[in-house]
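Chemist: If you want the building blocks of each chain, they are given just below.
4 protein chains.
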Amino acid sequence: MKKLGIGIVGTGFMGKAHAFAYRAALAAFPDIPVPVLRMIADANAPSAAKAAAQFGFEASSGNWRDLVNDPAIDVVSITTPNILHKEMALAAIAAGKHVHCEKPLAPSVAEAEEMMKAAEAKGIVTQVGYNYIKNPLLKLARQMVEAGELGDITGFRGIHAEDYMHDPDSPHSWRLDPVGGPGVVADLGSHIIGMARFLLGPISEVNAELETVVKNRAASAGATERKQVLVDDIARLMVRFGRGCGGMIEANWIATGRKMQLGFELTGSKGSLVFSQERFNEMQFYKAGGDPRNGYTRIEAGPQHPPYGQFCVAAGHQLGFNDLKTIEIAEFLGAVGGGQAAGPDFREAWEIQKVVEAAVQSSRSRSWRNVL
Amino acid sequence: MKKLGIGIVGTGFMGKAHAFAYRAALAAFPDIPVPVLRMIADANAPSAAKAAAQFGFEASSGNWRDLVNDPAIDVVSITTPNILHKEMALAAIAAGKHVHCEKPLAPSVAEAEEMMKAAEAKGIVTQVGYNYIKNPLLKLARQMVEAGELGDITGFRGIHAEDYMHDPDSPHSWRLDPVGGPGVVADLGSHIIGMARFLLGPISEVNAELETVVKNRAASAGATERKQVLVDDIARLMVRFGRGCGGMIEANWIATGRKMQLGFELTGSKGSLVFSQERFNEMQFYKAGGDPRNGYTRIEAGPQHPPYGQFCVAAGHQLGFNDLKTIEIAEFLGAVGGGQAAGPDFREAWEIQKVVEAAVQSSRSRSWRNVL
Amino acid sequence: MKKLGIGIVGTGFMGKAHAFAYRAALAAFPDIPVPVLRMIADANAPSAAKAAAQFGFEASSGNWRDLVNDPAIDVVSITTPNILHKEMALAAIAAGKHVHCEKPLAPSVAEAEEMMKAAEAKGIVTQVGYNYIKNPLLKLARQMVEAGELGDITGFRGIHAEDYMHDPDSPHSWRLDPVGGPGVVADLGSHIIGMARFLLGPISEVNAELETVVKNRAASAGATERKQVLVDDIARLMVRFGRGCGGMIEANWIATGRKMQLGFELTGSKGSLVFSQERFNEMQFYKAGGDPRNGYTRIEAGPQHPPYGQFCVAAGHQLGFNDLKTIEIAEFLGAVGGGQAAGPDFREAWEIQKVVEAAVQSSRSRSWRNVL
Amino acid sequence: MKKLGIGIVGTGFMGKAHAFAYRAALAAFPDIPVPVLRMIADANAPSAAKAAAQFGFEASSGNWRDLVNDPAIDVVSITTPNILHKEMALAAIAAGKHVHCEKPLAPSVAEAEEMMKAAEAKGIVTQVGYNYIKNPLLKLARQMVEAGELGDITGFRGIHAEDYMHDPDSPHSWRLDPVGGPGVVADLGSHIIGMARFLLGPISEVNAELETVVKNRAASAGATERKQVLVDDIARLMVRFGRGCGGMIEANWIATGRKMQLGFELTGSKGSLVFSQERFNEMQFYKAGGDPRNGYTRIEAGPQHPPYGQFCVAAGHQLGFNDLKTIEIAEFLGAVGGGQAAGPDFREAWEIQKVVEAAVQSSRSRSWRNVL
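Residue numbers (the numbering used here), protein chains in the order written: chain A, 25 to 396; chain B, 25 to 396; chain C, 25 to 396; chain D, 25 to 396.
By construction, these hints were calculated from the structure, which means they are not laboratory data. Predicted, not measured: the structure shown is a model, and the values here were computed from it. You may find that some hints are simply not true.
Given that identical chains are not distinguished, each listed pair holds provided it fits within a single copy or across any two copies.
Below, a list of computed lysine-lysine pairs in the DSS-like style, where the Cα atoms sit at most 27 Å apart [claimed, not checked]:
id, residue 1, residue 2
1, Lys251, Lys294
2, Lys26, Lys146
3, Lys141, Lys283
4, Lys239, Lys141
Work out the full structure: start from the sequences and follow the hints.
Modeler: Here it is in structure tokens:
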């Protein structure tokens, strides 16, 4: 059984999620290479050491370069803020590591392209953390679209709204620093844009409006000093897909009340699907015509929807957020081990970034923009 | 007790709805003038006669001018296709009748304006059939916005989607004739635009895309001959409100599966509301902060939400579509009797028409348009 | 066109509901006899006069016997508290009137039986106000059961819970007077028992527990004096149906939060149905086997579910509580006019009363009781 | 940091769930002892070896006694069919191991009592796999009851219904063998009985009806031979709680359509809760009185509901079934390590078994039975 040495850079929200996933991946997917948890790195060395103990890694370091240069490490997960992604990813690629990087891949299209080209030139396997599309029901949705079960697709309405930025007194953070790229259109928008692409293919044209509703925020926790906000906190997009249909997309991180409203309504000539991450173990399906008892059917996730069955043999027991991350990591390890790459890889993340960029440009010019 | 002679023009879907409403209005609202059901008119005289018997009208006619000219009639309801509205309304206004007209008021802004000006010059009471905003919970929503209960409004996402046009083999009809004005943006779009205005006030700017997805339809029921469709069946709008916030609106009559998806998500800095006509006796309300048990609260319509109690003293028993029409008609009769006009009147309908028109222009020019 | 003179006794919640229904019935159901609104009676004569004006009745009286003895009246609706039903109904029957009586029919099985026998001896048409089963979707549910679409029925779980008695400081009322019979098991229990019988046929055996949770209440509104409560406010029943399956039923009028939780889950070997009056324009249907996309389908009420189409030609627009009452009254008038009796008639109400009585006896003896 | 050697007996559905949980426990709960995965045993030795590799155990065995007798093992998880629990548990207890055993603990009260007494005599820590009550929202529900937030509890309606036995052609299995004790009342009933006890305390009296609806099943997969079913597949219970209120409980494994309908409606004088495992990351809460905007509030699980935050710092991301198992195992390991025992332990499982037994006896005698 092939083994792969694993390294994680970062110990925050996503670092922990990756650690859970690497610990669970083989138990759920016995055919992937065995992940061996080698090292976890964090600029704060004691945090790294603590995380190593907690997550079962053999070693830790306060310097991510130790990890990238460790010959026993085959796979690197980058879970740091996105302004750090490029330097780390390029170093890891140069060292021949396979790289999983959190989203958004980079602050700009140019940087994302540079990373993608480096990875492809080196021939390593990449993946980017768009975990929500790993949901077994999303895989089903895509299959239904591809099989024509919904007929010709006539429209898409997508949303990713949360409220974690809705309080003007919550402190300013790196997510609000324009050095890291746009605001919510990149942070949450990239998720729903990626989901739209996963389901329907390329977005060819965008007409967007981005706005900064909360003009300034506390400079730091509890501070009376205010700091101006320079990035968008609501983004509204009209889009055209390459396949010919249109749609609307909203990204919003001041959506008071919403914790995880990532979802869509997808309409075709023969049927439609409605999904929200708020109840991500179910999906509504309407099939036109015929049956006098028709209506929206609530499909509950079960073993008939791979890879649900890798986690539980019984329907209705439900996957959690961390399980989606486990599917993602397992697919990545499977691809590294010689299986089929499931993506989304750096190229796909670059494509998503181009849509984000087109939205920013469109909003500035207040006009339709092609996604180049 | 004051009495008002009533005349209805048209005996179709809306003619019947008006008849129900005039029959129920006084029983629900005892303080309005007594409606006396004088005449119902339809180009098909036997239909008119049959309707008169069924709905309890004293007389019928195959000529709507008989009705408009009848001195015993004080109030005229116009429920015919919208290309006929102007001629009928102007005649009724000229005869000094108070006029209730179904929506959309007219095929164009110019015609709507002409009707509005004639009505205002004559000083009669007008109303237009945007019945969905008569819902007690929508009145509550507006009060909450106005009272600042939701804080500063930061965004609106509105939809009116149905699927009654989704089948390409359903026959061509007057709704698809461009002589009557735009397609779904006017038919369903005017409802959600009107609702947005009811809740948040004027829309100042629009950026829209209208498309005709079903290019041709059966020329008539069962015909093999096809007829080209010249009006829109999906309309997507980005909007700016005069109050400063933005929003998105979709109107769609090929939304496979949806029968009455008229609704919105309205977000403010202190709270938010979620509503769908699919379950119009309830509304979700989220109030930010404070309570450790917070979340979306499902407000169920009851006597604490006027005028629900006019229909039923007990909460949770639920109003139906025809009850909304009864509220509308009762408010109209109350205004005619000297009470406060509740609208929406011809002026408001003209304002809605201007937004529809701006959407059409915006879609043609693919650019933002001011609503003049 | 045949005409029927109508008289209503009582002007409260149900008196008003009947008035709405008689006013709307013909407009919705053009083939029934024409109801002519002759008289409304109430012990409080001014209330009767006011109601007559409001509801469009020709006359009013402070003495119900005037109404019962009026030769111009063919049909009598009795909407008074149930201790008054028998005297009024027997007088109306003696006078040859057709009688609609609100539920529960009488305080005891013996009285219900006396009323039923008098009506059957006289050959008049009767009906009892179990309006909830007039829902088009409930008619569909019964058809599905009868057609075997759910296979062999294996179980029923029914509930009718509201909270209008949950406050111990709400004043004592006639509903709490044991002279009127049992408490919630008769008031709400009779609805869900009637619904169970409507769907599945006779209940043959009962094992129940009734309890009085709120032991005393304010003697009258605002009074400090307390009055002991002598009737049940929660009733729990295990039941056996004559068809062979079992079930559970609860009736509860102190169910904090519930306004209209009247519903059931009905399970068969091939499918199941879930319904709640809280959203009575929809019903969940699960069909076993076969389709890989199966799950609970939300059937939305529409014209394909008679008699929905009598009120509205478009699906999803929704009926309200008063519309259910209109269906009930229209079916009653249709039967009086020579059509098929749709019930539930006095005999059915007597059968329901026997189940109620068996529950009371079972609770006292703490044992299973046959429904005789 | 203290370490604990772990052994799991069984590699099926629950064996795998325990393995996931032991792998994830420390990552989520850093303060518990470090679980060291020593051995997994299964009567099928190759299955055990395969599981050891997949789940990361150091060793495997085809003989569970090897595991129980291994001095490096401190903690034993028993995940085999319940007829095997007693022998295994008694051996593990005798060897001084701490024991986690799946539910139901044993086929009978007597056997459960014997196991409980042996464990208490030895002073080891025990736990039984009632994982659903480990849900952060269920912990919240219990706190709300205990804090009086719902007032006096007036009623409980509980259900655990699934449909995995609804097909008469699904093969006979060990779950249907009466040697293992009753049928659904023990298998699923014990979950909802345990949940009722968790929330409201002891059940003192039971009146139940158990029935076997599917009389015979295929003797084995695909066999034409049929085997008579001797255990219950629906159980209906009326119950009285020691605290004074009553309730109803149903357990049903032929509930066509239901995959995981484990839930309750819990009513108090000041509020109520509604929960279903079908959407176990949310709970409905109604608070009586006061607020004019009241209604059922959908509480979404988040970090404010411990221990949700151990898995994810952001609300709305949702836990999955395996996470509930991780909480259970982590609490168990914490107790072994000297923390507070969280249960449910063998004593609690014995108490649950007594309710199950009382239900069986009650059904036979068709009468109320005390839970002794």
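Chemist: Now tell me if each hint is right for this structure.
Modeler: Right, here's what the structure says about each hint:
Proximity of Lys251 and Lys294 under a CA criterion of 27 Å is satisfied inter-copy only: 21 Å between copies versus 51 Å inside one chain copy. Within a single copy, Lys26 and Lys146 get their C-alpha atoms as close as 21 Å, which meets the 27 Å cut-off; across copies the closest is 44 Å, which misses it. Taking the shortest alpha-carbon separations for Lys141 and Lys283, neither the intra-copy value of 35 Å nor the inter-copy value of 47 Å comes in at or below 27 Å. Proximity of Lys239 and Lys141 under a CA criterion of 27 Å is satisfied in neither setting, with 37 Å inside one chain copy and 43 Å between copies.
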